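The hints should help you fit chain B onto chain A, whose structure is shown.
Number of protein chains: 2
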Amino acid sequence: MSIDFFDDIKHELNIVEEELQKAVHFSDPLLTEAATHLVSAGGKRLRPIFCILGGKFHNFDMDKLVPLAVALELIHMASLVHDDVVDSSMTRRGMPTIKARWGNRISTHVGDYLLGKSLVLIARYQDPLIPKVLAETSVKMSEGEIVQISTSFNTNQANRDYFYRINRKTALLISASCKLGAVACGAPEPLHQALHRFGHHIGMAFQITDDILDLTAEQVKLGKPIGGDLQQGIITLPVIYALKNSPGRERLQEITINRNKTNEEINEAITLIRECGGIDYAAGVARKYIVKAKRELATLPDVPVKKTLQTVADFVGIRNF
Amino acid sequence: MSIDFFDDIKHELNIVEEELQKAVHFSDPLLTEAATHLVSAGGKRLRPIFCILGGKFHNFDMDKLVPLAVALELIHMASLVHDDVVDSSMTRRGMPTIKARWGNRISTHVGDYLLGKSLVLIARYQDPLIPKVLAETSVKMSEGEIVQISTSFNTNQANRDYFYRINRKTALLISASCKLGAVACGAPEPLHQALHRFGHHIGMAFQITDDILDLTAEQVKLGKPIGGDLQQGIITLPVIYALKNSPGRERLQEITINRNKTNEEINEAITLIRECGGIDYAAGVARKYIVKAKRELATLPDVPVKKTLQTVADFVGIRNF
Chain A
0 MSIDFFDDIK HELNIVEEEL QKAVHFSDPL LTEAATHLVS AGGKRLRPIF
50 CILGGKFHNF DMDKLVPLAV ALELIHMASL VHDDVVDSSM TRRGMPTIKA
100 RWGNRISTHV GDYLLGKSLV LIARYQDPLI PKVLAETSVK MSEGEIVQIS
150 TSFNTNQANR DYFYRINRKT ALLISASCKL GAVACGAPEP LHQALHRFGH
200 HIGMAFQITD DILDLTAEQV KLGKPIGGDL QQGIITLPVI YALKNSPGRE
250 RLQEITINRN KTNEEINEAI TLIRECGGID YAAGVARKYI VKAKRELATL
300 PDVPVKKTLQ TVADFVGIRN F
Chain B
0 MSIDFFDDIK HELNIVEEEL QKAVHFSDPL LTEAATHLVS AGGKRLRPIF
50 CILGGKFHNF DMDKLVPLAV ALELIHMASL VHDDVVDSSM TRRGMPTIKA
100 RWGNRISTHV GDYLLGKSLV LIARYQDPLI PKVLAETSVK MSEGEIVQIS
150 TSFNTNQANR DYFYRINRKT ALLISASCKL GAVACGAPEP LHQALHRFGH
200 HIGMAFQITD DILDLTAEQV KLGKPIGGDL QQGIITLPVI YALKNSPGRE
250 RLQEITINRN KTNEEINEAI TLIRECGGID YAAGVARKYI VKAKRELATL
300 PDVPVKKTLQ TVADFVGIRN F
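Taken in order, these protein sequences are the chains called A and B. For the first sequence, numbering that gives the first Met the number 0 assigns the number 0 to the initial residue and increments by one for each residue that follows. For the second sequence, numbering that gives the first Met the number 0 assigns the number 0 to the initial residue and increments by one for each residue that follows.
Check the hints yourself; a few may be wrong.
In the DMTMM-like style, the derived pairs of lysine to aspartate or glutamate whose C-alpha atoms are separated by at most 20 Å in a straight line are [said to hold, decoys possible]:
hint, chain 1, residue 1, chain 2, residue 2
1, A, K139, B, E32
2, B, K131, A, E135
3, A, K243, A, E217
Think of the hints as simulated: they come from the structure by calculation, not from any bench. Quantities reported herein were computed from a predicted structural model and do not represent experimental measurements.
The shape of chain A in the complex, shown without the other chains (with noise of 0.2 Å):
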């Protein structure tokens, strides 16, 4: 998701990244060059985008919400770092990963750094509403990457099991995101709602897109190798769609629990998955979660950055990288 897409809150998020860069400055020479690099690694920076434009709705201040911003990029952040450690991918946004660079020690350390720092950002505020969901929020998101770890390469899994995992992944801190950005502006109770099951849908169709493209999109665009899920055994919808739908559903079976593929058997995988329909499916799937986040904005007061919303929705179930 290019920035230029968000014109309209373009000095917000470059106020965004400054801090950003500011939070993980740091005197260990080792750690500001990993931070940095992180930080400079760049990524959508969707968890500010979404505090900010949750803010839009109700007495709009800057000075709340970049703390929170900023928080929400570093959570994220820790998660992928975090994710490095364990899934040994070596390339995350077509840069190498921290671990490539610096091994898994020091992974883990600038992964709880980053955390470390949120929580310095998010002990400011006076509202306990904002600790409170973003500790439930990481208590859940480890347990679904525990539940992840756990369930890879096990192929008797159903959608729900799917839909359990990416939404403690992904759509718990975007949901959180367009939430917290309200109640950091003082909105009312019924608003936090609203943006919350927004953040919801749009989280969950944006992990499915997510997990669609790790099967279709081209290795340059992706930064990262085609079937990096199937290598993992990290179980997506289409592959749990095309285990019970593909007349090749044996031999797809097969490979997914092979711990040990070859390029050949996952391009070999991701043929049968696509010729059963799998990657429609998922997108079908995804299509009705954007329904469900439009028909949530449909519910909220009419203010300019709705539009923006629509426009991210529509966004989110289109693009290809």
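Just chain B now, kept in the frame of chain A:
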């Protein structure tokens, strides 16, 4: 430090223990097993103990202390689990580490999960000082870990570097425990500060003693291999002293920077460190911290808990496990 040592807060510690068990209860069987294992593995519960004792100085109220005491132990546990990820120590407290049983990936996320649980407990407190101090403490703890990694096998270290590291590794959280116990019970500001300083001195003495025991304890009592710090390239106070003062300092230097030491070489290094007085020197520094801690205690109000803290101070100085 055995629990019967704290007979006067036995009841309180049982409550903390129960809540700790509850905090790590989880629907995923893999995580429950990992976390329960970690809780059962025990440990001294030093941070809850200091938190409760800190609370005894002013309007003692267990309801206010329990979530904090549990959170402090969870933060400590999370740091142990993440330590297991990074330094590949295979045993801790005589039991297999989480890592040894479940692998790096689970350790990373179990650590994050424990930390998340602590945040949920901390979010209950109205006083902004509690999340603030703990957030700043976790940032510094991560900094300390990173510096420990980046300076490992580096023999060009002064006492100052060592004190910087052990303050972040141990003293900060112990000092936060003492202080925040008082904060949670609404004690006045000067009491916070005195308990903070007391905790700092005790924490420093505790870690110096730990580092001495790593070189001198019987393996069975320690529950991990002797000379583990040397093996991992962590340069502790007795080593810094010996690298300056031992007649065999060139040989010691040679062994210290070798990343693949044999057990014989570790024993040779320990002999060199001991014979030049490195152990005695470090023990002397620990004693000085104990004296400072007791001096700080003397300034505190005369309540029964003072006697307990005095005993703790004495014990930290002479403990051999």
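Quick rundown of the hints versus the structure:
1. As the CA atoms of A:K139 and B:E32 are separated by approximately 17 Å, the hinted pair is consistent with the 20 Å bound.
2. The hinted pair formed by B:K131 and A:E135 meets the criterion: a straight-line CA distance of about 18 Å does not exceed 20 Å.
3. A hinted pair counts as satisfied when its Cα atoms are at most 20 Å apart, and A:K243 with A:E217 does not qualify at roughly 26 Å.
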